[in-house]
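K.L.:
With the hints as your guide, set chain B onto chain A.
So the protein sequences, as listed, match chains A and B. Count the first sequence with the numbering used here and you get residues 1409 to 1837, in order. Count the second sequence with the numbering used here and you get residues 11 to 319, in order.
Derived by calculation from the structure, the hints in this document are not laboratory data. Remember, predicted model here, so these are calculated numbers, not experimental data. Possibly wrong hints are sitting among the right ones.
Over the 12 Å line for every Cβ pair with chain B, so calculated as not near, a few chain A residues [what the hints assert, rightly or not]:
#, residue
1, T1596
2, R1652
3, K1700
4, L1792
Calculated cross-link-like contacts (lysine-lysine; reagent style DSSO-like; alpha-carbon spacing at most 30 Å) [said to hold, decoys possible]:
#, chain 1, residue 1, chain 2, residue 2
5, B, K57, B, K17
6, B, K57, B, K79
7, A, K1723, B, K17
8, A, K1592, B, K164
9, B, K16, A, K1723
10, B, K266, B, K211
11, B, K49, B, K211
12, A, K1700, B, K266
The C-beta atom is built at its ideal place from N, Cα and C for all residues, glycine as well.
The chain contents come next:
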Amino acid sequence: MILLLKGARVIDPAQNTDDMLDLLIADGKIIQRGPSLQPPPGTQIINLAGLIAAPGLVDMHVHLREPGLEYKETIASGAAAAVAGGFTSIACMPNTEPVNDNRSVTEFILRKAREADLAHVYPIGALTTGSDGKRIAEYWDLREAGAVALSDDGKPVMDAALMRRAMEYAYSLDLPVIQHCEDKDLSTGGLMNEGYWSTQLGLPGIPSISEEVMVGRDILIAEYTCTRIHIAHVSTAGSVRLIRDAQKRGVQVTAEAAPHHFTLTDQAVAGYNTNYKVNPPLRTPDDVKAVKEGLADGTIAAIACDHAPHARTDKEVEFEYAACGISGLETSLGLSLELVHDGTLTLAGLIAKMSLEPARILNIPAGTLAEGQTADITIIDPTLEWTVDVNSFRSLGKNSPFHGRRMKGRAVMTFVQGVVKYDGRVARP
Amino acid sequence: MIKLAKKDILGIQEMTTEEITLILDTAESFLEISTREIKKVPTLRGKSVINLFYEASTRTRTSFELAGKRLSADTINISASTSSVVKGETLIDTARNLEAMNPDIIVIRHSAAGAPHLLAGLVRQSIINAGDGAHEHPSQALLDMLTIREKKGKIAGLKVAIIGDIAHSRVARSNIYGLSKMGAEVVVAGPPTMLPREVDKLGVRAYTKLEEAVTDADVVMMLRIQLERERQNIFPSLREYARHYCLNRLNLGLAKKDVIVMHPGPINRGVEISPDIADDPSCSVILNQVNNGVAVRMALLYLLTGGGQ
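Chain A with its partners taken away, still in its complex shape:
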């Protein structure tokens, strides 16, 4: 079947395109793009006047919980949440049960993703077996099975010598290493950002230096070994500064930021609502400002939501015992668009950080609307005002502190390989 997407404002940062163009799609690919295309007979035409056509969004940091924690999320429910949030490609962290540290788990994830047939799912393999920080996993095998990157995610590698070996070995295979930077000795027992609010609330603090010490360490390892490192969910001003300085020296370091870290501050924890418990924790207004500056000047290339779905039982407990994380896939674009509304980023800049840039970091085929490319396309209504309602989430995780928040702009259609996987268009006057 041939499909014509007509009259959209096509924003394709990979080709510096921002124009009213038509996109002609056949066999899952974009076969032609240009102004006022004449479609062949029998073409299905979708009128997208007033809407934006962007490259399918990419989130390089999500948790899909399967295998093992299906009560929180499954690959199918997570992929459904992805397309509902405008994402056509997601990369899932290995902290499942069992950990994705071997070929069979990677293959299982890919099979489940194929069965779900919604978004592209790219598994991230573990850096160490069982993510226990003791022995490096079989990266060659993981890559052959389909893993696109390596990370121990929430159990960062504390052993600097092992981290060096892991980065060297992974680099030779062209597998990016992603580090959740947290010195576990400095953060022991911490439940929120250490600062005025932790002092007031009597909650043990997680100091900003617990993140920065490891950002600094991994930058130095990357520099010394001439390898590369990707810093996940940057949350502090100090981390932004370390990364910016390293990039200026030519170190191969990239970074991502999560919407909650540029939207909320640690003050939100007052009241002990466990939906604000997240790791890294919400930081200070100065940190939020620095993360936004890092996004604006390019220090932080990508936006990734760290989608961390949890069941009610994980969150409806005392703050101390609650699980960390936010179910983010269905609010990520809306929150990130606030950066456009407040002038931090241009619309094209934002779209690049949510498609082209993470695709480049992971080296996956996504992030552009060039002719001949897979027709992964996100249609965004930039003016649609809506209210976040966790009860309408496709994700099994309803844990969002943004429930009830008013947003402007959202994905209204999501095409994966030329097929509509989400259609949320509302009747427009």
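P.N.:
Below, chain B alone, put in the same frame as chain A:
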């Protein structure tokens, strides 16, 4: 009489000076009951109070229990283990079960900061926070303020020094909020490892030397050192701590002549306070604090069950 327009007592921070004064005045009027031969009045007959303690406590639990009994309320003590939060009934389920039994007040102590707030949002009963993690211990601060008012005739204008592990102390936080609201000048002191980050933003001056804080103080409040903190490298040894942060005759001499010395208990003799100071009736008001504790808790139970309306 003014009414306490609150469902719960979760912390001093959200209290007004009028509310604090009302509670202290009410407590003062209850002090006399504990001196009677028959220490019981029928005021709360037919009311029930559940003491839900997830953390070991002798003083506070006994004090709440006696307070309820002296007002003729039925009091029930439940000791729960926080270890059962992993396996077994959640706090929310426990709360819903207790709520279904229709008590009037639930007094809760919990090692997790914010646990009383979770409870308060769930059940229709009044919740009294009897200590949540390192957050607040409002009834302790109220009894401390009652004791200061009793001994000094006022709170406003006094210099109060709080010494010890401020970072991990709910007593310190509640007193900082309460005493500052009532017009006292609050200073704190302890090794830097025991001072929480940005503590000055709570409205206090912080020192790392005991002597600096105690100088010209009207009130010195010593905090209990938790011995297990030694293992976390917060201080090197009890010996070194005691040499520099133990209140003794010499350093207390820097305070005002008529200084009073307080301690929320239980005390570590010779660690944070020397025995001759703790036992000196000319300055130590430690046992007055305990006595006032019952009256303050009577006042809280009375005011929360609609007393004065």
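K.L.:
When you look at the beta carbon of K1700 of chain A, is every beta carbon of chain B farther off than 12 Å?
P.N.:
23 Å, holds
K.L.:
Is K57 of chain B close enough to K79 of chain B, meaning Cα to Cα at most 30 Å?
P.N.:
10 Å, holds
K.L.:
Quick one: work out the minimum CB distance from T1596 of chain A to chain B and report holds if it exceeds 12 Å, violated otherwise.
P.N.:
9 Å, violated
K.L.:
Given the hint that K1700 of chain A pairs with K266 of chain B, test it: the Cα-Cα distance must not exceed 30 Å.
P.N.:
Distance ~52 Å between K1700 of chain A and K266 of chain B Cα, so the pair is violated.
K.L.:
Just want to verify: R1652 of chain A was marked as not at the interface with chain B; is every Cβ pair farther apart than 12 Å?
P.N.:
Answer for R1652 of chain A: holds, closest chain B Cβ roughly 25 Å.
K.L.:
Are the Cα atoms of K266 of chain B and K211 of chain B separated by 30 Å or less?
P.N.:
26 Å, holds
K.L.:
Holds or violated: are the alpha carbons of K49 of chain B and K211 of chain B at most 30 Å from each other?
P.N.:
44 Å, violated
K.L.:
Confirm or reject: L1792 of chain A is not an interface residue toward chain B, with every Cβ-Cβ distance exceeding 12 Å.
P.N.:
The claim stands: L1792 of chain A keeps its Cβ more than 12 Å from every Cβ of chain B (closest is about 33 Å).
K.L.:
Does K1592 of chain A pair with K164 of chain B here, judged by a C-alpha cut-off of 30 Å?
P.N.:
The given pair, whose Cα atoms are some 47 Å apart, is violated under the 30 Å limit.
K.L.:
Starting from K1723 of chain A, check that the Cα of K17 of chain B is at most 30 Å away, please.
P.N.:
Judged against 30 Å, a Cα distance of about 25 Å means the pair holds.
K.L.:
Would the pair K57 of chain B and K17 of chain B pass a check requiring their Cα atoms to be no farther apart than 30 Å?
P.N.:
Holds: K57 of chain B and K17 of chain B sit about 16 Å apart, inside 30 Å.
K.L.:
Verify the proposed pairing of K16 of chain B with K1723 of chain A, using a straight-line Cα cut of 30 Å.
P.N.:
Holds: K16 of chain B and K1723 of chain A sit about 27 Å apart, inside 30 Å.
In summary, the structure is inconsistent with hints 1, 8, 11 and 12 from the numbered list given earlier, while agreeing with the others.
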